[in-house]
Amino acid sequence: MIQLDWVAKPFGAGDIAGDGTKKLLGTSVATPSLLLRETAQNSWDARTDGVVPEYQMRFRRLTGQTVSVLRDNVFAEASPTSGLTAALGADSMEAIEIHDRGTSGLGGPTNNDSQVGQDDSTNYRDFVLTVGAPRGRSLGGGTYGFGKSAAFRASSCGTLVIWTRIQTAPGQFEERFIAAAVTSSFLMDAKRYTGQQWWALRSSDGHPAQVQPVLGDDAHALGEAVFERGFGPTETGTSLLLLAPVYDDGRQAFIAEACTAVPVNLWAKRLADQAERRQMTISVVVDGEPVHIPGAADSRVLAAKEACLEAVRAAQATSENPEPAHSSAADLVTVEEIWCRNPKKLVGHLGLAPCAVPPGDPFKSAENRVTLMRNSAELVVEDREYPNYRNMIGEWVGVFKPVPEMDADFSAAEPPTHDSWNPSALEPAQKRLVNTGLRRIGEEVRTFLAPADAVEAEQPAEAASQLASALGVLARPVSASRKSAGKRRGGKAKDVRARTSKVEVLGYELVPPSEHGDPTIAVTRFTLLARSDGQYVQVTPTLDIGIDGRSSLGDSDEIYISAWQTSEGTRYDYDGIRVRAGETFTADVSYPDGVAIDCSFLGEDA
Numbered sequence: 001m002i003q004l005d006w007v008a009k010p011f012g013a014g015d016i017a018g019d020g021t022k023k024l025l026g027t028s029v030a031t032p033s034l035l036l037r038e039t040a041q042n043s044w045d046a047r048t049d050g051v052v053p054e055y056q057m058r059f060r061r062l063t064g065q066t067v068s069v070l071r072d073n074v075f076a077e078a079s080p081t082s083g084l085t086a087a088l089g090a091d092s093m094e095a096i097e098i099h100d101r102g103t104s105g106l107g108g109p110t111n112n113d114s115q116v117g118q119d120d121s122t123n124y125r126d127f128v129l130t131v132g133a134p135r136g137r138s139l140g141g142g143t144y145g146f147g148k149s150a151a152f153r154a155s156s157c158g159t160l161v162i163w164t165r166i167q168t169a170p171g172q173f174e175e176r177f178i179a180a181a182v183t184s185s186f187l188m189d190a191k192r193y194t195g196q197q198w199w200a201l202r203s204s205d206g207h208p209a210q211v212q213p214v215l216g217d218d219a220h221a222l223g224e225a226v227f228e229r230g231f232g233p234t235e236t237g238t239s240l241l242l243l244a245p246v247y248d249d250g251r252q253a254f255i256a257e258a259c260t261a262v263p264v265n266l267w268a269k270r271l272a273d274q275a276e277r278r279q280m281t282i283s284v285v286v287d288g289e290p291v292h293i294p295g296a297a298d299s300r301v302l303a304a305k306e307a308c309l310e311a312v313r314a315a316q317a318t319s320e321n322p323e324p325a326h327s328s329a330a331d332l333v334t335v336e337e338i339w340c341r342n343p344k345k346l347v348g349h350l351g352l353a354p355c356a357v358p359p360g361d362p363f364k365s366a367e368n369r370v371t372l373m374r375n376s377a378e379l380v381v382e383d384r385e386y387p388n389y390r391n392m393i394g395e396w397v398g399v400f401k402p403v404p405e406m407d408a409d410f411s412a413a414e415p416p417t418h419d420s421w422n423p424s425a426l427e428p429a430q431k432r433l434v435n436t437g438l439r440r441i442g443e444e445v446r447t448f449l450a451p452a453d454a455v456e457a458e459q460p461a462e463a464a465s466q467l468a469s470a471l472g473v474l475a476r477p478v479s480a481s482r483k484s485a486g487k488r489r490g491g492k493a494k495d496v497r498a499r500t501s502k503v504e505v506l507g508y509e510l511v512p513p514s515e516h517g518d519p520t521i522a523v524t525r526f527t528l529l530a531r532s533d534g535q536y537v538q539v540t541p542t543l544d545i546g547i548d549g550r551s552s553l554g555d556s557d558e559i560y561i562s563a564w565q566t567s568e569g570t571r572y573d574y575d576g577i578r579v580r581a582g583e584t585f586t587a588d589v590s591y592p593d594g595v596a597i598d599c600s601f602l603g604e605d606a
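Counting from 1, one number per residue, gives the positions in the sequence shown under the working numbering.
Keep in mind that a hint or two might mislead.
[Claimed, not checked] Taking CB as the label site, the calculated pair distances span:
| id | residue 1 | residue 2 | range |
| --- | --- | --- | --- |
| 1 | R390 | T234 | 55 to 61 Å |
| 2 | T234 | Q115 | 17 to 23 Å |
| 3 | D249 | E289 | 17 to 23 Å |
Calculated directly from the structure, the hints in this document are not laboratory data. As the structure is a prediction and not an experimental result, all values here were calculated from the model. Cβ atoms here follow ideal geometry from the backbone N, Cα and C, with glycine treated the same way.
Turn these sequences into a full structure, and let the hints guide you.
This is the structure:
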């Protein structure tokens, strides 16, 4: 069997050390749920048309011949001080094998400097050779950069073995085999190396950092010797072997969290009787034995989420993209359209349903949340909580999906971890639409939980009401070519300081415009104090725009909380935030330049 060359990348101009590479790819700790979510998203993006993709995470203990092949043929050379060398010195080794089938595999050029056409695959070099890579599939769920980072971080020696099979022409296939590592930089023979390393075939041109994968029969022999799941005659896809996993809380805890992560993050792929284009076969295997993964049959919470998703799909169906008849449970879901009024545009649909959760439901902790997901990928971005909303119906669940035309805007608001929507870095037009969508979701949840005809007259404590006249003078000066928004009516800034038992406004100031900001938007920063004898205070803003500090414009899309700053950092929860009692924090309110604003901050013990 072939023996692979070890190719370590020496430092050159502009190179990043291995530790820096990991930070660049993502700073989150690679927990089991993160590893599963990110690799599954990559697999979903790589799916081929007309085939239900297969994804599996397999927990193994490598022994005997497998360890010998890794030690003698794959990693015959390595840095003597690396964790890999120590791991290979043992008689056995823990590993996680992750594979997908019914996917395109890692195709495209095997070097990093070849020019390719706009529609040509670059999957191989994006995953194996490139430090971070943008999403290659339109409206896909993941990026190879962060998915790769999650896998490297989950290995204590930062090492992956990669086996992929691609279709090069009708009826013709190619197998590729390579190993890669991202470790700390090291010194060898008086020369510094970045920590990025590959085990394959050194390039014939003699370049010290060029490497080519093993191909054909040699790749097949190595893959069959190392991996448990092979390839069928016409199968394509990719297999990863993650060596020496980081089991911080033990192997069983890691496995349990990975199994839980499947229904939490990928439940939409497992709905029974849905169209094949939405399905994904997902499994977890431990020491050769399949593990039961809970589904809708095991959990009323998951069943209610599925009903909400079915109802939202039906609401968004078109003649070009029809939806099959949905279940009777979906008929009980309340579906609300989420609109932006300025500009008038449909943002998405929100499905809400009551959910009586019995004791022992494995996903009881997922109740009373809205699952945010993008339209096309239908991968869970976030399960957003709405704590301390007046709740007159009991347990409930919700699902929100943007309309297809808005999918790209919400996608652009995601960080590399794909676990939230943060519009702060978006262009002004995108930011307004995403901000409005998130705020409207909160408003609809509030109405669903406490309909107007059932709400008592009692209201929570309120601070800083009727600030419009005072804030009119704080608006950025209007140029002579623009109409005046009216003169200030009222006292000085110090006269608007208000106090209640829950929230106190300590002051406010106009935030100077940034160099690249929207010149039509002004931002006022409120400094607030949470006042309560309890541990936490839930703060909910009520914002409006007035003219001359008196007449409401009746359009809240123009004014919103662009950021909260608390002791825990910057937050973007537009419908409210929970802070510690006694804490001083700030709220940045964004609104059109040249108008007065009316702001209230409602406080309740949390």
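Each hint tested on the structure:
Range check, R390 to T234: about 57 Å between beta-carbon atoms, so the 55 to 61 Å window is met. In this structure the hint that T234 and Q115 lie 17 to 23 Å apart at CB is violated, the actual value being about 31 Å. For the pair D249 and E289, the supplied restraint of 17 to 23 Å holds, since their beta-carbon distance comes to about 21 Å.
The structure fails hint 2 only (numbered hints given earlier).
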